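Let chain S serve as the given structure and place chain Y on it in line with the hints.
Number of protein chains: 2
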Amino acid sequence: MDSIKNRRTIRKYKQQDIPDDLLNGLLEEAFRAPTMGNMQLYSVIVTRDPAMKERLAPAHFHQPMLTEAPVVLTFCADFNRFVKWCRQRKAEPGYDNLLSFMNASIDAIMLTQNFCTLAEAAGLGTCFLGTTIYNPDQIIEVLNLPERVIPLATITVGYPDECPPQTDRLPLEGIIHQEQYHDYSPEDIDRIYAYKESLPENKHFVEINHTETLAQIFTDIRYTKEGNEAMSKVLKETLRKQRFDE
Amino acid sequence: MDSIKNRRTIRKYKQQDIPDDLLNGLLEEAFRAPTMGNMQLYSVIVTRDPAMKERLAPAHFHQPMLTEAPVVLTFCADFNRFVKWCRQRKAEPGYDNLLSFMNASIDAIMLTQNFCTLAEAAGLGTCFLGTTIYNPDQIIEVLNLPERVIPLATITVGYPDECPPQTDRLPLEGIIHQEQYHDYSPEDIDRIYAYKESLPENKHFVEINHTETLAQIFTDIRYTKEGNEAMSKVLKETLRKQRFDE
Numbered sequence: 002m003d004s005i006k007n008r009r010t011i012r013k014y015k016q017q018d019i020p021d022d023l024l025n026g027l028l029e030e031a032f033r034a035p036t037m038g039n040m041q042l043y044s045v046i047v048t049r050d051p052a053m054k055e056r057l058a059p060a061h062f063h064q065p066m067l068t069e070a071p072v073v074l075t076f077c078a079d080f081n082r083f084v085k086w087c088r089q090r091k092a093e094p095g096y097d098n099l100l101s102f103m104n105a106s107i108d109a110i111m112l113t114q115n116f117c118t119l120a121e122a123a124g125l126g127t128c129f130l131g132t133t134i135y136n137p138d139q140i141i142e143v144l145n146l147p148e149r150v151i152p153l154a155t156i157t158v159g160y161p162d163e164c165p166p167q168t169d170r171l172p173l174e175g176i177i178h179q180e181q182y183h184d185y186s187p188e189d190i191d192r193i194y195a196y197k198e199s200l201p202e203n204k205h206f207v208e209i210n211h212t213e214t215l216a217q218i219f220t221d222i223r224y225t226k227e228g229n230e231a232m233s234k235v236l237k238e239t240l241r242k243q244r245f246d247e
Numbered sequence: 002m003d004s005i006k007n008r009r010t011i012r013k014y015k016q017q018d019i020p021d022d023l024l025n026g027l028l029e030e031a032f033r034a035p036t037m038g039n040m041q042l043y044s045v046i047v048t049r050d051p052a053m054k055e056r057l058a059p060a061h062f063h064q065p066m067l068t069e070a071p072v073v074l075t076f077c078a079d080f081n082r083f084v085k086w087c088r089q090r091k092a093e094p095g096y097d098n099l100l101s102f103m104n105a106s107i108d109a110i111m112l113t114q115n116f117c118t119l120a121e122a123a124g125l126g127t128c129f130l131g132t133t134i135y136n137p138d139q140i141i142e143v144l145n146l147p148e149r150v151i152p153l154a155t156i157t158v159g160y161p162d163e164c165p166p167q168t169d170r171l172p173l174e175g176i177i178h179q180e181q182y183h184d185y186s187p188e189d190i191d192r193i194y195a196y197k198e199s200l201p202e203n204k205h206f207v208e209i210n211h212t213e214t215l216a217q218i219f220t221d222i223r224y225t226k227e228g229n230e231a232m233s234k235v236l237k238e239t240l241r242k243q244r245f246d247e
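Protein chains in written order, with the numbering used here: chain S, 2 to 247; chain Y, 2 to 247.
Everything labelled a hint here was simulated from the structure, so no lab data went into it.
Careful: at least some of the hints might be erroneous.
Simulated pairs of lysine-lysine, BS3-like, Cα-Cα distance not exceeding 30 angstroms [claimed, not checked]:
(1) Y:K234 / S:K13
(2) Y:K234 / S:K91
(3) Y:K91 / S:K204
(4) S:K237 / Y:K234
(5) S:K6 / Y:K13
(6) S:K226 / Y:K13
Covered, in the sense of this in silico footprint (three residues per stretch, anywhere, with C-beta under 8 angstroms from a C-beta of chain S), are these stretches of chain Y [said to hold, decoys possible]:
(7) 55–69
(8) 103–112
(9) 173–180
(10) 208–218
The model shown is predicted, which means the values in this text are computed figures rather than measured ones.
Beta carbons are placed, not taken as given, at the ideal position from N, Cα and C, and that holds for glycine.
With the rest of the complex left out, here is chain S:
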C-alpha cells in the first residue's frame, strides 16, 4: 500500500481547513478497527478552536504543529460510556482496574493507527504526539475528561506543506523472531544498529549534542531516567484518579 510504504510524519500544514464531512467520514471508517468484545472503549476529542489549541499547547511542550494544524485529535481510552450503559441496564461493571485500562488502551491505539492510515490515504498528513501520556493530567483538565477516560494519543492533521525524507527503520531480522525469542548477542546489537549509526544525520546529531554515542542522545537528552520516572508517577496518579487502580 503506497500511502503506508511512502509514509512520513508531516509537521507543516497548508492553511486549508479539513471539511467536517471528510473528517467524520474518516473517523467513521476508522471505527472498523478491531475492538475487544465490540465494546469500542474509546473516545475522540476534536480540537479546531485556536483558543483550545493554545490551552493544550503546554501539555505538548509547545510543539508548533499543535497550534498550526487545522485539526488536533485526542484519542482516549474510555470506559466511562460503557460503565454508564451497564449501570443504566442493571449490570454491575467491574472495570476499575489495570487490565481494563489496557484493554481500552489497545482499543484506542488500534483506532488511532487506523485513522492515520485512512487520513494519509486521503492525502492528509499526520503527526503523532507522544507527549500525550507525559502530561495526561493537564490534558484531562483542558478537555474536561471524566473518570475512566485517559488521553493516550494526540494526532495533528492537515494538508501537507512539506515532504521530509523518510526516517530509517531497523532491519527486519532485528525485530522478528521465529517460534521463540532469541535474545540479542553483542554482535547482533552491533549489526542491527549499524545502519542507523552510520547515517550522516545521526552522526550530525551526535556532533551537535556533544555526546560520544547516538544512544546517549536518547538516555541523556531526549528520554532521561529522571524524566521517565517523574512522568511515571504522574501516570500512576492519573490511573488512580481516573479509577483504573482497584
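Using the frame of chain S, we list chain Y on its own:
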C-alpha cells in the same frame, strides 16, 4: 479504503500457507507505523510450528483459530533490544518504569494495526486475540520472552475461508466530542446504544444467556469483575517481573 470499510474478523482459514516473502514484506511495510523517537520498541514472534501453537493454546483459552491459522503473530512491547544497545554504547538507560511500558505498548499496538491493514489489503484475513494480556505470564514462558518484553496482541492470519456479517458499531456522535468531552446523559446512553440493543443477534444472545439485558452479558458472563481483577493482578506481577515497575 475498501479493505478497511468492508473489514470483518476472520476466524476460519483455508489450508494454504502464507509464503515467507509475503509475510516478511507485510511486516517490513508495517514498520512504517509511527514509533516514538524512532525507537521501534517492539518485537514480533512468528509462530508456524503446530507444536508451538499447541503450547500457546491454553493461554488463549483454546480458541480454535490459534491452532488452525497457518500463522500466529505475537506483538510485544520490547525495551530489551533498546536497553542492550544503550548499555553497549556507554549510555545508561532509564526505562524500567510504567511510562516506558506505555510508550512501548503504543509502539507495538500501532504496528499491530498497521500490519492488519496491510495483510487485509493483500487478501488475508486476521483475528485479534484479546486474550494476550489476560495470560501474559504463560505466553512469556512459551515464547521465551526476556525481561523488558511483554506480549500485548496476538493476531491469527490466513487466507479467509468464511465471510461473516460485519459487526455493528456505535454511531459517530456517541464517540466523538467537539472541543471538550461532553459527558453522557441517561438519554444519550439510551440513544447511543439503541441500535446495538435492537439487533436480532443481540436479542438472541440475551435470550440464550438468560440475562435481562445485553449489558449483563458483558458484566456477568464475558468480562466479569472477578476475572478482570484476577487478571489485573497477573498483569501487575508481570510488569514487575519484566522490570517495568521502578
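Cross-check of the supplied hints:
1. Y:K234 / S:K13: Roughly 44 angstroms between the alpha carbons, so the hint for Y:K234 and S:K13 is violated.
2. Y:K234 / S:K91: Satisfied, since the Cα-Cα distance of roughly 27 angstroms is no more than 30 angstroms.
3. Y:K91 / S:K204: Between Y:K91 and S:K204 the Cα gap is close to 16 angstroms, so the pair holds against 30 angstroms.
4. S:K237 / Y:K234: With a Cα-Cα distance of about 16 angstroms, the restraint between S:K237 and Y:K234 holds, given a limit of 30 angstroms.
5. S:K6 / Y:K13: holds (29 angstroms)
6. S:K226 / Y:K13: It is violated: about 46 angstroms lies between the C-alpha atoms, which goes past 30 angstroms.
7. 55–69: It is violated, with 0 qualifying residues against the three required.
8. 103–112: Check passed, 6 qualifying residues.
9. 173–180: Coverage by chain S holds for the region 173–180 of chain Y (7 residues, Cβ < 8 angstroms).
10. 208–218: holds (count 5)
Violation of the numbered hints given earlier is confined to hints 1, 6 and 7; the remaining hints are satisfied by the structure.
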